[in-house]
Each structure stands twice: as structure tokens, then as C-alpha cells.
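Visitor: Sequence:
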Amino acid sequence: MKRLLVKLTPKAIGRKIKVCGWINSRRDHGKLIFINLRDRSGILQVVFRLADSNQQLATISQKLRPEWVVCIEGEVKERPKGAENPEVETGKIEIIAEKLEILAMVKKEMPLDLSKKELKMKLSTLLKERVLTLRHEKSRAIFRVFETVLGAYRKVMKKLDFVEIKTPKIIGTASEGGANFFTFDYFGKKAFLAQSPQFYKQIGVGMFERVFEIGPVFRKEPHFTTRHLNEYISLDAEMGFIENFNEIMDELEKVIKFILKSIWKENKKDLKLFSAEPPKIPKRIPRIKLREIRKIIKEKYQYEIPEDSDIDPKGEELAGKWAREKWKSDLVFLTHYPKSCRPFYTMPDKENPEETLSFDLLFKGVEIATGSQRIHKAEELIKNIKEFKLDPKDFKFYIDTFKYGMPPHGGWALGCERIVYKILNLPTIKEATLFPRDVKRLVP
RNA sequence: GGGGACGUGGUGUAGCGGUUUAACACAUCUCCCUGUCACGGAGAAGAUCGCCGGUUCAAAUCCGGUCGUCCCCGCCA
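1 is the number of the first residue of the first sequence in this note's numbering; add one for each residue after it.
Mixed in with the good hints, there may be bad ones.
Distance condition first, Cα-Cα at most 27 angstroms in a straight line; then the derived DSS-like pairs of lysine-lysine [what the hints assert, rightly or not]:
no., residue 1, residue 2
1, K169, K189
2, K383, K138
3, K314, K339
4, K122, K272
5, K283, K339
6, K298, K364
7, K396, K189
8, K261, K138
9, K350, K280
10, K300, K289
11, K63, K122
12, K11, K158
13, K81, K7
14, K283, K254
15, K364, K257
16, K166, K155
17, K383, K393
18, K108, K81
19, K283, K272
20, K116, K81
21, K339, K280
22, K107, K92
23, K272, K339
Since the hints were made in silico from the structure, they are not lab data.
Please take these sequences and the hints and turn them into a complete structure.
Guide: Okay, here's the thing in C-alpha cells:
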């Protein structure tokens, strides 16, 4: 008999069918055993009536335990009056088991009970036992949201006429000139893991004007926080022929709105598990210069961000608070960062050369994206590389791109895990990562 | 790199100098149960309290070291 997916069983009342999946939970009433069977489409109650079944079925059904993998054949029936469960999609029906095939048993003591609504585990255990904890309903909900972010990003970028590219992650030139790279031996040469697709996506502008990439980036930064990972998925974009750098924010604004809208459309059940409130999104996301938000935070919250430096996490949190109070917005762009806190390829502001045409996008007080207009003239780029005390020789192919002619352009990088982390109000970004890589964690 | 906190059965916690043969919940095993869905009931097994050393008549409990973990700051998405 062909397997039927659990979600299709309510339409099969009266029919004999076969379902396959994992045992999510079991409730043994002696002569009556209830099993919640989980497959990719949902959960279905299976009833074993031991009094009515043959000896063999009765004996093995008593042995069934959580996470065993089974196929069950039987008749789909409406549940008796009063025994319906409105919390489950298949709660009005059940299947009366007649045949049971065990595909796999559990051979190890389970460190958790997957049928419980909350796992209540320490983060270290949750990640150590990842191969199992990922099966939990809430974990799966997180990664369904993650999948929506990826899908929505691709969809909206294509709609905005960007072309998807994939750039190398093994690279020979450090893209930001910093020291935060993983290095390794590549057939006798020194290689790096890409910390950003920066150079390659800019080269992509020379091909398609508008490109985007969804891919991993690697950061050798020993941070111990709830919002950092050493490997994460970056949602990158780069666009040519911009008249000013506000156009970059205009596009990013469309993108982030589409992503958020998609999640609230496609992941209602997942969001409910985390009691996630819809984000406050105004018609236009406020944009404010860093130097102005500095003043506002000082006046409103008596908190001072150090001069000529990047905004700190506390400052970001307060900027987020201010945006919510003043503009009723969970999103806010901070713009015009000082030259000293941006990479060498960032375009300085002609009106104030100490500031750059750059921005960060904050979501609920956490930075989820960074972007800027880039320098597109080779001479200026070389000058800036030298000002940053770097050697132009190390960036030859990158500089060549601009010698061959490039339009004014700019782009952004969105942190995929950060979006999911803030949307679901997770205690840490590590829960929004299948197998997080942090300073201490390389396995599993 | 700087700072803080925590390590107790499989999991999550309580106990914080002697009433402890280390307690509770869930999981595990045995038994009872025909309408449960976080099923219920009875019982059993399972921890030398991370490790090493010190203080003390007495240490899971206090002190020091060590290893591990988590968080904050810096930096970033």
C-alpha cells in the first residue's frame, strides 16, 4: 500500500490507508494505546485496540517508544464524540491500527522529551544534542521561518531585477583588510575563508548592474554574545547606476518589508508558538544621521555614545526605543557613519568628508543590515587604501575592476539569522542556526 | 582580549557547613488502566554533587586552583 501523508488523512475517512513517520508520543491505557505519529506534514493519532487485534500486534505495539520510525496501516475513522482535539489539525479523526511495521527503533536513552511543548534545556545541552533537538516542534518552526526569509529574499530580489550569483568562499585576498579571517593552506598558498562577498559582488555589478547572493560568511572574531556567530548566512546585494545612496536604502526597505510580510503570511502557526508580535512598520522607515541620533539619545535617555566611534549595542537599543516611540517603527536606518568605522571602499560624503555615505538598519534595536555607496573610481580607491594603511598591491584584481570602468554603485548585507532571532524573540541567535559555529563549538 | 556568573542521576532544577541513606519533576524499566492527547495510578533502577587540593570533628555546601559552560563589554550581520 502506498503511504499517505498525515495532513491528507482527514479526507480519507472510512478508507484503509498507510501512514509512516516517527512516534511523537505515546499514551498507554492498557487495552487501548494512543500514539501521536509525526511525519513531515503533521501529527495524527493512531489507536491500538489491543482487545480487538491479534496477539502479535498487541505485543509489539506495547513496546513502541518515542522517535521509533514506523509505518501503520488501518482505517481512518471519526473520533468518538467528546474525544476531538481542536489543537491538532487532524484532531477530528484517528486511525485504528491493523498492521504495524517498525523501520527503526531507538537504541539510545533520549536526553529529552520531544512531545513536550517546551524543551527546557540549557543552551549547551540543546546544542550538544542538536541531532535530536532539531526535531522538536519549536526548532522546526524556527527553521521554517528561516526558509521563508531565504525564499522571500530571493523572490523580492528577482522582482527588483537583481541577478543571483554565487561567489567563492575560499579566497586569496582579505576583503576588508582586517585580521579577522580564518586562514589555511591552499596547495602551498595562504588562503582565507570569505568574511564577505564584497569584492565579488561589486565585480558582479560590472556584469548585471544588479546582483544578489545568499551565502555563508566566516568571521574569526572571538565574541561571546547572543547575537554573534562565526559562520552565518549573509543576504548580500549590490546595485549600479545609483544617483545617490538613498536609493540603496529605498531598495533595502522594499526587501525587508517583503520578508516580514511573507513571514506573517506563510508562518502563522510558527509565529504563534513563539507569541511573536507583528513588527511595527511605518510607510517609510525613518532615516537619521548617526550624529543626530547621538544627540537625541543623550537628551532623551541621558546616555552618551563616545565621540567619533560606532554606536554601541546600548546606543542601538536606545535608538530602537526612540524609533518605536517617535515613529512607531521597529525599523530605523542610521546613516552617515564616521570614516573611521567603515571599510576603505566606502564612499565619503562630499558635504562632510569625515562622514561616509553609509547606513545600518536596526530591527528592534539590533543591527540587521549594513550598507553603503562604494568608491567607484580606481584613483580614489587607491588613495583610500593607502589612507587605511593597507597595500594596494594586495587588492590588484579588485582595483582593476574600477580601472575598467564602473558606475556609481552600492549595496548591503543582511544577516539572515539576526532577522529570525529578532522576529521570534529567541534568547540567542544560536537557536536560529542549525549547527552554530562559535568560539567553542565546532561539533556537531 | 577585559569582566561577571554557573557546573548536583539521562534532562531540568532544589538543597548552600551536621536533621540528606542527596530531594523534586520529566524521561527509563515493571505492573494496573478502553478515550487519552503535558493521560492517570502503584513500584523499581539510576548521582561517590565537574576535577584536584585546602579549611573543619564534619564539605554538594566554605576557600584556592583547574577544566567546562553561559552571559556582558569590545567588534560586527
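Visitor: Could you check the structure against the hints above and give me the numbers of any it violates, in ascending order?
Guide: Failing hints, ascending: 2, 5, 9, 11, 12, 18, 21, 22 and 23.
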